[in-house]
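Engineer: Below, each chain spelled out in residue letters.
2 protein chains.
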Amino acid sequence: MKIKYNLIHKDKNSNARRGKIETNYGVVDTPMFMPVGTQATVKTLSPEEVKDCGSGIILANTYHLWLQPGEDIVDKAGGLHKFMNYDGPILTDSGGFQVFSLAKPKDITEEGVKFKNHLNGDSLFLTPEKSIEIQNKLDSDIAMSFDECVGFPHTRKYVEDSVERTLRWAKRGKDVFNNPRQSLFGIVQGAEFEDLRKHCVEELVKMDFDGYSIGGTAVGEPKELQYKQVEYSCKYLPDDKVRYLMGVGDPDDLVENIERGVDIFDCVSPTRLARHGHFYTRYGKLNVKNARFTEDFTPLEDSCDCYACKNYTRAYIHHLIKSEEVFGQRLLSIHNIRFLIKMMEEIRIAIENDKFLEYKEDFLKKYKGKKDE
Amino acid sequence: MKIKYNLIHKDKNSNARRGKIETNYGVVDTPMFMPVGTQATVKTLSPEEVKDCGSGIILANTYHLWLQPGEDIVDKAGGLHKFMNYDGPILTDSGGFQVFSLAKPKDITEEGVKFKNHLNGDSLFLTPEKSIEIQNKLDSDIAMSFDECVGFPHTRKYVEDSVERTLRWAKRGKDVFNNPRQSLFGIVQGAEFEDLRKHCVEELVKMDFDGYSIGGTAVGEPKELQYKQVEYSCKYLPDDKVRYLMGVGDPDDLVENIERGVDIFDCVSPTRLARHGHFYTRYGKLNVKNARFTEDFTPLEDSCDCYACKNYTRAYIHHLIKSEEVFGQRLLSIHNIRFLIKMMEEIRIAIENDKFLEYKEDFLKKYKGKKDE
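Residue numbers (the working numbering), protein chains in the order written: chain B, 1 to 373; chain W, 374 to 746.
Careful, some of the hints might be misleading.
Claimed, not checked - The calculated lysine-lysine pairs, modelled on BS3-like cross-linking and capped at a C-alpha distance of 30 angstroms, are:
#1 Lys82/B <-> Lys695/W
#2 Lys695/W <-> Lys76/B
#3 Lys449/W <-> Lys289/B
#4 Lys455/W <-> Lys285/B
#5 Lys82/B <-> Lys715/W
#6 Lys137/B <-> Lys695/W
#7 Lys455/W <-> Lys310/B
#8 Lys76/B <-> Lys683/W
#9 Lys289/B <-> Lys715/W
#10 Lys449/W <-> Lys310/B
#11 Lys310/B <-> Lys424/W
#12 Lys503/W <-> Lys322/B
#13 Lys658/W <-> Lys342/B
#14 Lys51/B <-> Lys662/W
#15 Lys76/B <-> Lys662/W
#16 Lys322/B <-> Lys424/W
#17 Lys489/W <-> Lys289/B
#18 Lys82/B <-> Lys455/W
#19 Lys137/B <-> Lys662/W
#20 Lys658/W <-> Lys82/B
#21 Lys82/B <-> Lys662/W
#22 Lys503/W <-> Lys289/B
#23 Lys449/W <-> Lys322/B
To be verified - These stretches of chain B come out as covered by chain W in the derived footprint (C-beta under 8 angstroms, 3 or more residues):
#24 31-42
#25 67-73
#26 78-90
#27 283-297
#28 311-317
Calculated from the structure, these hints are not laboratory results.
Positions of the beta carbon are idealized from the N, C-alpha and C atoms, including for glycine.
Based on the provided sequences and hints, a complete structural model is requested.
Structural biologist: Shown next, in the form of C-alpha cells:
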C-alpha cells in the first residue's frame with residue numbers, strides 16, 4: 001500500500017507539526033529522525049539495536065546498493081527488508097546526491113548524468129527512469145524522484161534551468177514507477193529563491209506525489225540560508241502530505257527546521273561522529289578521546305536511557321575508541337542515534353502541548369551554551 | 374574465592390575429561406573454548422552477544438591492558454568485570470606471549486624481560502612480580518604465572534635452562550600474589566621433551582597452583598609436535614586441577630587436544646578469521662567473499678543456531694564483507710565463536726557417554742574432507 005500521512009496537531013505558535021505516517025511496516029510518529037543504512041546496514045549496528053533506539057524508519061542509499069550488491073540481488077532476496085532482515089519502514093534516496101558529487105557539470109544532460117563509479121572508476125549513466133527502476137526493485141517503502149542537486153554557490157539562471165529539468169525528471173520517473181507497495185516522493189528544488197521553490201512545489205503537487213522532499217540543502221550553504229530554503233518550501237507544500245528534509249541532522253538544525261514545518265530527517269552524522277569519538281550531550285558535542293575522560297566512570301550522559309549509557313562508562317568507551325575497538329563505535333553510534341530520536345520524542349510532546357518554541361529555546365540555550373570539542 | 378575444578382567423568386576410551394569449574398561468576402562446563410577479549414572487548418561484539426554464543430569464560434590480555442588503559446584505571450573502575458560490564462568469569466594471560474614476541478634474546482634476563490612498547494616504541498621491562506601485580510589489579514578470576522614462552526625451533530640446552538627460569542619465575546610470582554578473589558595457574562613448559570615437561574609439572578605441583586596451563590604451543594611448531602607436547606604435559610598433571618592449553622583453537626586441534634586431556638582453550642581465530650570473511654562449517658572453513666555466495670540465500674550453516682544463521686543469508690553477509698561493513702564481521706564473529714562452543718557442548722555429551730573417539734572421528738572426517746578456502 002501507499003503510505004498515508006495524518007496530521008495530528010499543529011503547534012499554535014510555529015509551523016511545527018505532529019503527525020503519523022502509516023506504512024506497510026507499521027506507524028511512524030513524526031517529527032522523526034531516520035538513521036542512515038547506506039549499504040543496507042546502519043554502520044556497526046544490528047537492526048535490533050537500531051529499533052531499540054526508537055528508530056521508526058531508516059534510509060538506504062540507492063547509488064551504493066546499485067553498485068553493490070546490485071538491485072537484482074536484492075530483488076531476488078525478496079527486497080531490501082528481507083535482504084537486511086529489517087521489518088521496519090525503509091526509505092531510499094534517488095542516488096542523485098552521490099551522482100552529482102561524482103559528475104562533472106558537462107556530464108549533466110537532459111537524458112541523465114554520466115559519472116565514474118567511485119569503487120572502480122567505470123563509466124556509469126543514471127537517468128530518472130533507471131533510478132526508479134532500481135528503487136522499485138529494492139522495494140523500499142518510500143522512493144525518491146531523481147532530481148538535480150544543485151551545489152552552493154550557484155547562479156539564479158542555473159537554478160531556474162535546473163528546477164525545470166528536475167520537474168521533467170520527476171515526471172519521467174513517475175511515468176515508469178510500477179511498484180504498488182511503494183510510495184514516491186517529489187523533490188523540491190529552487191535553492192534560496194522563494195519564487196522558484198514555490199513554482200517547483202506547485203508543479204510537483206500537480207503531479208500528485210505521495211510526499212515531498214526538500215532538496216538542495218546540506219550542500220555547503222550557510223545555516224541561515226538552509227532555514228530560508230526550508231521555509232520557502234514548507235510554506236507552499238500541502239498540509240496533508242509528509243515533508244522530508246534530506247541530509248540534515250545537526251541537533252540545532254533539527255529544531256530550526258521542525259519549527260518551519262519539516263516532518264522527517266536523515267543524516268549520517270550520528271554514526272559518522274561516533275567513528276571519530278564524538279558524542280552528543282544536552283550541553284553540546286564532546287569527544288570521548290579527550291584525556292579528561294580517562295578516569296570518568298559516569299555514563300556518556302546521565303539522563304540518557306540508551307544501552308551505552310545504561311551499561312558503560314565514559315572511561316571504558318574512551319579506552320575502546322583509543323584502542324580502535326569497534327565496540328566503542330557501536331556504543332557511540334547507539335548513543336548518538338538515541339539522542340536524536342529522544343529529541344524527536346520530546347519534540348512531539350512539546351508540539352502536542354503547543355510548547356514547541358519553549359522546547360526549542362531551552363534546547364538551544366543548553367546545546368549552544370558550550371563549544372563543541 | 375578460588376576456583377574449584379570438579380572432574381565429573383573421564384571418557385573410557387581416551388583421556389578426554391568432562392568437568393566443571395566453579396568461579397565467582399558462575400560455573401563453567403568443560404571442555405570449553407574461551408573467546409579472546411584482548412583489549413577488554415571481544416572484537417566487534419557486546420558482552421551479551423558473547424554470552425549468547427554460550428561462552429562460559431573469556432580471556433583478556435594483560436600486556437595490552439597494561440599499556441592501555443593501564444591496570445590502575447581498571448582497578449579504579451572496580452576491576453575488569455565492572456570496567457567492561459562482563460559478569461561472567463575472566464581469565465588473564467601473563468603478558469609473556471606478547472613480550473617474548475617483541476623482545477630480543479639478549480633482553481631476556483633472570484630479573485625479567487626488556488622490550489619495546491608496540492604502540493610507541495618506549496622501552497619497557499616486565500618481571501614475574503609486575504605481571505602478577507598487574508593481574509591482581511585487573512581482578513580477573515584466573516591469573517597466569519609469567520613464564521618464558523620458548524619459540525620454535527630451539528635447542529634442548531636452551532629449553533632446559535628456560536624451564537628452570539620459568540619455575541623460578543612461577544615461584545616469584547606466587548610469592549607476591551595477593552588477590553584473594555583470584556586463582557593463579559602455573560605454566561608447564563619443556564617444549565617437546567617429555568622429561569622436561571614431567572620435571573616442570575612436578576615442580577609446579579609442589580608449589581600447588583590452582584590450575585595448570587600448557588605453554589610453548591602455537592609458536593609455529595608442527596601440529597603433531599603440539600599434540601606430543603600436550604600429551605607429555607597432561608600425562609603428569611593432577612586429575613583434580615583444570616588444564617588450559619594456551620592459544621590453540623583450530624577445530625581439529627581442539628578435538629586432538631581434548632583427547633589428550635585438555636579442559637579449556639583460547640584463541641583469537643574465530644574473530645580474526647571473521648575479519649577476513651572466513652567462517653567455520655562442519656565441512657571445513659569457507660570464505661564468504663567467494664563469488665558463489667553472491668546469490669546464496671541460505672544461512673552460513675543450516676544446522677547452526679547462532680544469531681547470524683537464524684537471521685541472515687550468505688548473500689547478505691557476502692555483501693557486507695565486500696562492502697567492508699562492520700556488521701558483517703560481527704555476524705561472522707558470532708557464528709565462528711558459536712561454532713567452537715557448540716562443538717564443546719557436543720563433545721561434553723560425547724564424553725559423558727564414553728563416545729568421544731566416535732565424535733572425533735566423525736568430526737574430522739567431515740571437517741577435513743574438504744579443503745579450506
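Engineer: Taking 30 angstroms as the top limit, are the C-alpha atoms of Lys455/W and Lys285/B close enough?
Structural biologist: Roughly 26 angstroms between the alpha carbons, so the hint for Lys455/W and Lys285/B holds.
Engineer: Holds or violated: Lys503/W and Lys322/B, Cα atoms, limit 30 angstroms.
Structural biologist: Measuring from Cα to Cα gives roughly 24 angstroms; hence the hint holds.
Engineer: Could you grab the alpha-carbon distance between Lys658/W and Lys82/B and see if it respects the 30 angstroms cut-off?
Structural biologist: With a Cα-Cα distance of about 26 angstroms, the restraint between Lys658/W and Lys82/B holds, given a limit of 30 angstroms.
Engineer: With a C-beta cutoff of 8 angstroms, work out whether three or more residues of the region 311-317 of chain B approach chain W closely enough for the coverage to hold.
Structural biologist: The restraint on the region 311-317 of chain B holds, since 5 of its residues have a Cβ under 8 angstroms from chain W and three suffice.
Engineer: With the threshold set at 30 angstroms, check whether the alpha-carbon distance from Lys449/W to Lys322/B stays at or below it.
Structural biologist: holds (18 angstroms)
Engineer: Straight-line Cα separation of Lys310/B and Lys424/W no greater than 30 angstroms?
Structural biologist: holds (18 angstroms)
Engineer: Can you confirm whether chain W covers the region 31-42 of chain B, using C-beta to C-beta distances below 8 angstroms and requiring at least three such residues?
Structural biologist: holds (count 3)
Engineer: Next pair to validate is Lys82/B with Lys662/W; report whether the Cα-Cα distance is within 30 angstroms.
Structural biologist: holds (20 angstroms)
Engineer: Starting from Lys51/B, check that the Cα of Lys662/W is at most 30 angstroms away, please.
Structural biologist: Holds: Lys51/B and Lys662/W sit about 28 angstroms apart, inside 30 angstroms.
Engineer: Given that the region 67-73 of chain B was listed as covered by chain W, double-check it with a C-beta distance under 8 angstroms for 3 or more residues.
Structural biologist: holds (count 3)
Engineer: Holds or violated: are the alpha carbons of Lys449/W and Lys289/B at most 30 angstroms from each other?
Structural biologist: Holds - the C-alpha atoms of Lys289/B and Lys449/W are around 19 angstroms apart, at most 30 angstroms.
Engineer: Given the hint that Lys82/B pairs with Lys695/W, test it: the Cα-Cα distance must not exceed 30 angstroms.
Structural biologist: Answer holds: Lys82/B to Lys695/W is near 19 angstroms, not above 30 angstroms.
Violated hints, listed in ascending order, are 9, 13, 18; each of the other numbered hints is respected by the structure.
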